[in-house]
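Given chain C's structure and the hints, the job is docking chain A onto it.
Going line by line, the protein sequences match chains C and A.
The first sequence lines up with residues 1 to 216 when you count with the working numbering.
The second sequence lines up with residues 1 to 396 when you count with the working numbering.
What the hints contain is simulated information worked out from the structure, not anything from laboratory work.
Note that the structure is a prediction, hence the values are computed from the model and not measured.
Just so you know, not all the hints are guaranteed correct.
What the hints assert, rightly or not - For lysine to aspartate or glutamate, the following DMTMM-like pairs were computed, each having C-alpha atoms within a straight-line distance of at most 20 Å: (1) C/K70 - C/E12; (2) A/K59 - C/E25; (3) C/K99 - C/D55; (4) A/K59 - C/E12; (5) C/K85 - C/E71; (6) C/K172 - C/E160.
As the list claims (entries may be wrong) - Per the computed footprint, the stretches of chain C lying under chain A, defined by three or more beta-carbons under 8 Å from a beta-carbon of chain A, are: (7) 4–14; (8) 22–29.
Just so you know, even glycine gets a beta-carbon here, dropped at the ideal spot from N, CA and C.
Chain residues, written in single-letter form:
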Amino acid sequence: MLGEGILKGLAETARNFVGSYVSKERMTTVQYPEERIAPIEATRDFPFLVYDGGDWQAGMRCVACQICEKECPPKCIYIEKSKDKKPDALGKPQFYPAKFDIDISVCMSCQICVEVCPFEAIKMDTEFELSTTDRFGGLLLDRHQLAKSNQHYHHIHPTEAAEVDARLAGEKAKTNAKAKAAADAAAAKSAAPDTKAVAPPAKVVAPVVKPESQEA
Amino acid sequence: MIDKPIVDQLDQVFILLERWIVSFLPAGWQAVASVVLNVVAIIAVFPALFAIAVLLERKGLGRMQNRLGPNRVGPFGLFQPIADGLKSLTKEDIVPISADPVVHFLAPVFLVVVVFMGYAVLPMGRNMTLVKMDAGLLFYFAMGASTELSVFMAGWSSRNKYSLLGAMRAVAQMISYEVPLLMSSVAVVMITGSLSLEKIVAAQNQYSYGLPHWYIFTPWGFAGFALFAVAATAETNRSPFDLPEGESELVAGYFTEYSGFKFAEFFLGEYVGMLSISGLGATLFLGGWSAPLAILGWVPSWIWFFGKVMLSICVFIWLRGTLPRLRQDQLMNFAWKFVLPLTLLNLMVAAMWRFLGEGWERWVICSAVLLIAYVAMGRIGMRHGHIGTRKYRYAE
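Next up, chain C with everything else stripped away, as it sits in the complex (with noise of 0.2 Å):
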């Protein structure tokens, strides 16, 4: 008969309105800014710069091979290499980034930089509160702005942090063996009290590692 269905819907809100006093399950609002849901492991926003170790200029990975700023597909990351080189958590001299600037207002968290990162330098954030009263500068963040620890990348991607810090020991120990193999060869060559005077580099590895192992 007409109106059955109306009759129906009415029944239907009725019980959601009583239902909404009754049952706390129906009830999803997270009353934000005092109450907070904790991010699901995959969230992502903007990206920061990965540091090893206490120092953020010393432990900053990026070498400023600026492959980030080619991919950008909106153009939002601005970096300078620098004139001198710097040893880096290997000990091996590198570039570093004299600038590095990202525009989060231009930034539209595609994750490409990340992807095509090959030192692992550049990861995502979970920071959402980023709101500021200057549109201009509040938003462009410099290299300082940018760095975070590995512990934070650690803290806001446990499951991916412990598998880039299993790659780099990888690649570290790979680059350790062939640089012990080379050495070994040396060794071979020469007197035996050069071993020694190779050992150096080993203890150099030791704080990028030491995460990994807090993580087991």
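Only chain A this time, still in chain C's reference frame:
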């Protein structure tokens, strides 16, 4: 029982208050002052009810959708209407460069004025009618029909095709539903024999076996009330008939080009119009200010009137939370092919009720005629596609 004089005083508290205030003035001024006081009271009370209605709507709709609704301003969000009012007052008032500034300014003012004029004849309690007019109902409908002019003024003066389209839709809808609105009220006039809203309430303010003689408790009155409610919903542009101002498609329709306080005036006009038409519906079919049971006669009459109005507002909100918006063709078909024929039939049924005399026969005959007509028209309408889902001839 409760002391009679106190009950009477409580019932007439506003009248006594008015007389007391007026008594301080010289005799020559008293008549004017009393009218001004009444007008001020109406202009103060109904916007306050409007604020309550908006809050109820936002909270109620939220709960129907399992949300909390506004809860930040004050305890439980009770001061939200104040915040909204302040916001609309402080907003920039933008007039489009090609708009007709005079008409653009007058449209919301005119709407608010005519909407408030309707209250002049509504009996809001025993002896609480501003103007005791013999043709009160006629005056009310004349004022109600003037809102269409305001809508069209707004749409036309904005010089925006969407505003104009919204205004055209609104005017078409309001004129279409004006006919059943009037026709369903005419049945009441036929039975009462008067256009005076005071007399209509007086005719319903009688009790037999402790039950009231409200018109809704008769077959023609029930049908009339249902049809009146449908027409009133459409007349006030409320969901599901809110397509002239559909937020999601027309961006407020005829008042797209209004901002700030003028926008708020349209909003106010709409809600105050809703309160006013609820008041009229209560007066015509729900016994106005009379109590629902004879033993509740000691409760002040104005409580019943405002209670009935707020109850209707709750039903409006419930309907809005439930029904999706109609399409223009569905709306028109429903008005002209379903509601209007039924109101015409209801007029005949009311006449039958009048002439079949007292007795059980008229209950059976009148109910049967209306029920059969409703079911049959529903079936025929659905089959021919006048109402219900639309059949596409070429698509698929």
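Results of checking the hints against the structure:
1. The straight-line distance between the Cα atoms of C/K70 and C/E12 is roughly 55 Å, outside the 20 Å bound, and the hint therefore fails.
2. Under the criterion of a C-alpha separation no larger than 20 Å, the hint pairing A/K59 with C/E25 is consistent with the structure, at around 18 Å.
3. For the hint pairing C/K99 with C/D55, the CA-to-CA distance comes to about 17 Å; that is within 20 Å, so the pair holds.
4. Straight-line distance between C-alpha atoms of A/K59 and C/E12 comes to about 17 Å, which keeps the hinted pair within the 20 Å bound.
5. Restraint check: the Cα-Cα separation between C/K85 and C/E71 comes to about 24 Å, which exceeds 20 Å; the hinted pair is violated.
6. For the proposed pair C/K172 and C/E160, the alpha carbon gap of about 18 Å is at most 20 Å, so the pair holds.
7. With 6 residues carrying a beta carbon less than 8 Å from a beta carbon of chain A, the region 4–14 of chain C meets the three-residue requirement, and the given coverage holds.
8. Check result for the region 22–29 of chain C against chain A: holds, 4 residues qualifying (beta carbon to beta carbon below 8 Å, three or more required).
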